[in-house]
Amino acid sequence: MPITCGFEYHRPATLAEALSLLAKYKGRAQLLAGGTDLIVWLKEGATTPEAVIDVKAIPELWHIDLKDGVLRIGSRVTFAELIESELVKKHFPILWEASRTVASCGVRNRATLAGNICSAVPCLDSAPALLVYDACVRVRGASEERDIPIAEWFTGPKRTARLWDEIVVCVELPLPAGPTAGCYVKLGRYQGEDLAQVGLAALAAEGGDWKLAFCAVGPIPRRAGRVEALLRGKKLSPRLLAEAQALVPKEISPISDIRSSREYRLHMAAVMLGRGLQAAAARLSGKGPAYGAKLI
Amino acid sequence: MKKTTIRIQLNGQPRTVEVEANDILLDVLREKLGVKSPKMGCDRGDCGTCTVFLNGRTVRGCLVLAIEADGGEIVTLEGISHNGPTGLQKAFVEHSSFQCGFCAPGMVLAATELLQNNPKPDRAEIQEALAGNLCRCTGYTPIIEAIEDIVRKG
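Chains as they are written, first to last, in our numbering: chain Y, 10 to 305; chain D, 30 to 183.
Quick caveat, the hints were computed from the structure, so don't treat them as lab data.
If you're wondering where the values come from, they're calculated on a predicted model, not measured in any experiment.
A couple of the hints might just be wrong.
Unchecked claim - Selected chain Y positions facing chain D (in silico; Cβ < 8 Å):
id, residue
1, 12
2, 44
3, 71
4, 114
5, 118
By construction, the Cβ of each residue, glycine as well, lies at the ideal position given by its N, Cα and C atoms.
So here's chain Y without its partners, still in its complex pose (with noise of 0.2 Å):
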């Protein structure tokens, strides 16, 4: 299908040459990076811009960096390159997981994680990893830069809290204060390139300290608050398991669709919530499966 909508494409060398681009088109200009989800919605008619901005020419947005307990991942940083960062995965390892279960090999060469949560669909899988570690989204204005908290990006299914002015810079992922380990399940009809059905995150740190994050059962992906209160500073047992799972439908609101039905989502989440809170523990406690194995 082509692309029926014509649009001038730039390819600004620099962060500030960018800016003025989308100062110029003043919200009528898309942001294209790796473009997995932008070029479908194109020939879509989805979305029908007067320009594209492609921002990989940026040196800017290419790097992964640790400093001052910080991780930065750059917005122009596919999920490839995410994968093979041992950054990554040494301080980050939900991340690492989760970015191994997104869509194929050949998408996740180009498309970024700045992308994901830029698309902002309900089933992404980033998300829960970023709710967890506490991740902020860095975005340049014209005047100004902020970081925005993950738990405040998304503000609806495909909407995001970014102004049409601005560029996402990078991820911010602040380091764990101390041992942490956790792990990413994920639903899908086979393995291998769907769509998460369900997707959670979990994280536990030493002494019951958990954070959890679901997506794809709701209209954003958000975190389980009410879970994360019963648990913290027990020790897991089947009880407090089953007390944990009884909760799951107050922390989600999943629809039926063509994946699966509300009914199958939410019984699935709370047996994927048992999984991987179990998971997550063993792996805490230095057993537990590698990271990348099937969990469900």
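With the hints as your guide, set chain D onto chain Y.
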């Protein structure tokens, strides 16, 4: 609409071609540059029949604007078998891996990339590397077995 001349290395040869901003790389390769191995299947990045190497990594030709490839290097199936079929391609033939062959160019490139990055993949790694390349004839088994065979033989 405005035409732009882009310059690419295509299968080792410098090529120039005039494109519009909204032209898709797959269409330009097939219709303007005469490269027919990448195919259009789903046209939305799910099936992998349009796979080509762009700057050393496989991408979905249907999800790249031709103009994005300006200055880049593209290798298609035609470009990996200059000197006859590769060992991998021969293994596919020995195992009768394909029936209709529509998915074959994408499968060969995806498997080529896998073996470049990981010369000794296990079965799960092979399956993951090919998960984005759909085949509606074979059930995948002879494709995976051919790759396992070439891995075993080193």
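Against the structure, the hints:
no. : hint : result
1   : 12   : holds (4 Å)
2   : 44   : holds (6 Å)
3   : 71   : violated (13 Å)
4   : 114  : holds (6 Å)
5   : 118  : holds (4 Å)
Hint 3 from the earlier list is the only one contradicted by this structure; the remaining hints agree with it.
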